[in-house]
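The whole structure should be built from the sequences, with the hints applied where relevant.
Protein sequences, first through last, are from chains Z and L.
Start counting the first sequence at 1; every next residue gets the next number (my numbering).
Start counting the second sequence at 1; every next residue gets the next number (my numbering).
These aren't lab readings, by the way, just hints derived from the structure by calculation.
Some hints could be false.
[Said to hold, decoys possible] Derived CB-CB ranges, DEER-like:
| # | chain 1 | residue 1 | chain 2 | residue 2 | range |
| --- | --- | --- | --- | --- | --- |
| 1 | Z | Ala57 | L | Pro457 | 50 to 58 Å |
| 2 | Z | Asp144 | L | Phe539 | 21 to 29 Å |
| 3 | Z | Ala12 | L | Ile536 | 48 to 56 Å |
| 4 | Z | Arg86 | L | Leu464 | 40 to 48 Å |
[Unchecked claim] Facing chain Z, a subset of chain L residues (Cβ under 10 Å, in silico):
| # | residue |
| --- | --- |
| 5 | Arg147 |
| 6 | Ser256 |
| 7 | Val540 |
| 8 | Arg571 |
| 9 | Phe576 |
Note that CB positions come from ideal geometry on N, CA and C, so glycine has one too.
Each chain, written out:
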Amino acid sequence: MALLEVDGITKAFGGLVAVDNMSLSVDAGSITALIGPNGAGKTTTFNCITGLLTPDAGEVLLDGQDLSKLEVHHRANAGLGRTFQRLEVFAGMTVFENCQVAAEVALPGHIFAKVLALRDRPNRNVIEQVQSALKLVGIDHLSDVVAGELSTGVLRRVELARALCTRPLVLLLDEPASGLDDEETRELEHVLRSITDEGIGILLVEHDVDLVLRVASWIHVMDFGEPVMDGPPDAVRRDPRVQAVYLGVDEGHLLDDAGAPR
Amino acid sequence: MNRAGILRGTGLAASILVIAFFAVRGSDGSLSAQLFTDLFIDGLRRGGIFALAGLGLVLTYKATGVFNFAYGAIGALVAFVLWQLHLGWGWSLWIAAPLALLVFGPGVGVALERVVFRPLESRGAGVAEQLVATVGIYVITVGIAIRIWTASTKQAPKLFPDDPIAWTTPITVGGDRLVLRFGANQIGIIALAVLLSLALGFLFTRTALGTRIRAVVDRRELAELAAIDANRVSAFAWGMGAGLAGLTGVLLAPASFGVDAVRLPLVIIETFAVAVLARLTSLPRAILGGVFLGFISSFADAFSFGDITEYIGLSNSVTESVARLLDPLIPSIAVVVLLAALMFTRISGSIGRDDDGPGIVSRAVVAGRANPAVSRALKLAVILLFVALPLGLDTGSFGFAHRMVGLAIVLLSIVAVTGFSGHITLGQAGFAGLGGLLTARIHAGEFLGLPELPVIPSMLLAGLVCVFAGFFAAWPALRRRGLFLGLTTLAIGLVLQRFVFENFYFNAATRMSAEKPEGLDGDVAFYFFELVVLGIAVFVTNNLRRGRLGRILAAMRDSETASRSVGIGLRRYKLFIFSVSAFMAGIGGSLMTQGAEAFSSESYVAFLSLLWFAAVYVAGITSIYGALLAAALLTVFQVFVDLPGLSFLIVGLAALLLGKLPGGIVGLVQRVAFGRWVPAGLAEAYAAGSSASSSEAPDPLVATDFAGQVLEEADEARRSPALAGTEGRR
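Laid out in structure tokens, this is it:
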């Protein structure tokens, strides 16, 4: 059984079905990708998995545990880490603190008593964990910079490091390569591989199809909220519907407006 | 209308009927058709005023996205102008009323749009900054009114004469003919409301201008693409909004306290209930909500809980004291409806999305990183000021010093909840007053049958009661931030003011004497006692931003979504920070009351919440020194600036101007030490924000936000069948 099992997620906003019966799975130490044009429902799928949105139907199982009824933070504590397409960094905190607050969530202790405490020393394990996460994504030299003063590309890495600090079983990455140049994208690829080497599963939403084809072991294609096809990179690369969208043949969307395949 | 809507509508109508039923029972238990008729007609009059008030608020909000907290103050200003023209200078009403209502009121709105809100809009200011701006305008307007017309209450000018018109109908009820009694006043107001509603309806549905407004309301960017001048539409909406605010003020003044710079705005603020019932966006709902509120408040006037318990046959000592507790709420039913509506109305997604945007302090914190040397110098200066102050004071001035320290603690509570955890609070005067009043009551042995307690335990107990009130503020904060939290906390402050401070049950006279702690009642001794309490408050507040707890609160402030996604359960932290803040405000208020040796409801009027918030925002909302500095400045104004209202003017103006300078005065001082006036990241962000057309603008946070928005909107456009023509093909 896969580490993360998503089964039949459906989400409608009013009459608009944003995600229709989407199923996917992520194995430990491997990358599953989710691609599709803007508005295909990828981020909505993410939000349903992490609990930011409540799906109309469908289940989310992580390592055999049913997360479907849990709140966002409980899902995170169970081992779902994520980054955001629209950045959600803690802009007033330093890069280090961004990660530290995530790494400290699991610490025990009566936190409200700290309001009367004379000292609150940071935990040594947390410091080491944050340092190694920052090193892994290559921003350890920026640890003391306030996040609000950094650029998008760097902030994407901050989010990645922060997600790693929650010690996730599965990481959901929402367009980690957007806004990166070729050099940075290659670095990202390297980072992604080091993460999977540690046994973490990754669910990747990405517009850079070349990157996806290189790193993913299984790819799901969505359009208009519906799963179009899924398969290993080679199969996806050969599929004419995918080619039509991503390899330069301008035929518009994968499906016509009535929802039938073209 | 969907089923839920019909259900809610039925519920509202049923609640009117129930209240009406109990209201119009005669003393012998028979229903009085005559009383019902009278109340019904007056309900229509009040409903007309409320509907107009709601229309003005909703119109401006819909067209510009700005919720105008200054609505009440603008309304009061127009009422003052009408008083000046008509009663002050004796001009004919036929000249004075059009000048005040059709020229001055709308003129204020248009001017505000041009001078304040258009620059904010083009700068890409968030909801939070707009909110602070409207609070600033509120404070300025009150300041102007007090400067010109002093703090005294003026007789309210009447638009319509009071001449009664009675028509005896042929209908006979219980042997008496039913009489329809109208005041010319009532007819005039009802007619005005109906005409204006119809005119607005016509404007929106039948004219080209209305179509343009609806286009801008719907999607400003797209409307601009279609060559609609969104700025002109905004100016129009502000003009209309301020005009209706003025009309509301003029119509409400005669029935309330008269034209009063502090109280009349708060009376008008009660009509925010209508806008909330309309979910801020629906003009027809605003009219319905206004009429609903009108009937409720009219019938409530003849209603008493005591009567009900008697009627049901449950009259005993417990229900009697409950009734005595609740009956004073009835004249302020609009505030209760406002709070209830805020707590229970489901707000549509688009407004929620605004609330999710950058928090109230997102810009400020980027600048808040202090140069350690400057921080130390600031710390030293503040400590010196507070400790050395009593050396230079004569006995007469100690009152101010005592008040300053108490106020500093109240302002610290604002820094804690807004600056550190990102939740706006506009009700802190309510908690402060509660702390002060309860300390006095508990100490006097007049609270819930408790024995007389010494002052310090009384103060702590009062603080604990404030914690419960704080939960009320925290509850909406569990779901909302920004505008709605601001409205809710403001409503809580208003309810406390009306229900507790001005309530005989709690406050036998509006002024109740309070004592200082035994042995610490000398001027200097009490001052140093206050300093010790302040020291503890500073220590606690400092702990709220240090260490693990501080990081969690700061994370919650910067992004709730991200906080939850890294596994932080926000609920308990929100409850925690609101209760700590309410406790501190209660303690501060308690010290203020002890210092003044009396509780006076005037000292904790809901307007002060706004003034204090603005003052802290100006001084530095993310900084402990900000709170201390604000307390010192407000006190200095009070002592040295004798001109009434001037301090409001200065604080309000500063709030408007400092919106651009993150971190307030403290942030400025800290940056000057670095030799840069605006923090680096922010300077770029502004540059990118002003040339917002480049959605691929590389770096700063603001720019990415904008890019994200564009993408999102592209998505929405693509999905919406109506916009299929604009669909972007890949």
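Range hint 21 to 29 Å (beta carbons of Asp144 of chain Z and Phe539 of chain L) holds or violated: 26 Å, holds
Hint validity - Phe576 of chain L Cβ closer than 10 Å to any chain Z Cβ: Holds: closest Cβ of chain Z sits about 6 Å from Phe576 of chain L, inside 10 Å.
Ala12 of chain Z paired with Ile536 of chain L, Cβ distance criterion 48 to 56 Å: 53 Å, holds
Range hint 50 to 58 Å (beta carbons of Ala57 of chain Z and Pro457 of chain L) holds or violated: Cβ of Ala57 of chain Z to Cβ of Pro457 of chain L: about 57 Å, so the range 50 to 58 Å holds.
Proposed interface contact between Ser256 of chain L and chain Z, which counts if any beta carbon pair is under 10 Å: 42 Å, violated
Status of the given 40 to 48 Å range, CB of Leu464 of chain L versus CB of Arg86 of chain Z: At roughly 41 Å between Cβ atoms, Leu464 of chain L and Arg86 of chain Z fall inside 40 to 48 Å, so the hint holds.
Agreement of hint Arg147 of chain L with chain Z interface, Cβ distance less than 10 Å: 37 Å, violated
Agreement of hint Val540 of chain L with chain Z interface, Cβ distance less than 10 Å: Holds. Min distance 6 Å.
Supplied contact hint for Arg571 of chain L, tested at 10 Å Cβ to chain Z: With a closest approach of 9 Å, the Arg571 of chain L hint holds.
The structure does not agree with the numbered hints 5 and 6 stated previously, though it agrees with the rest.
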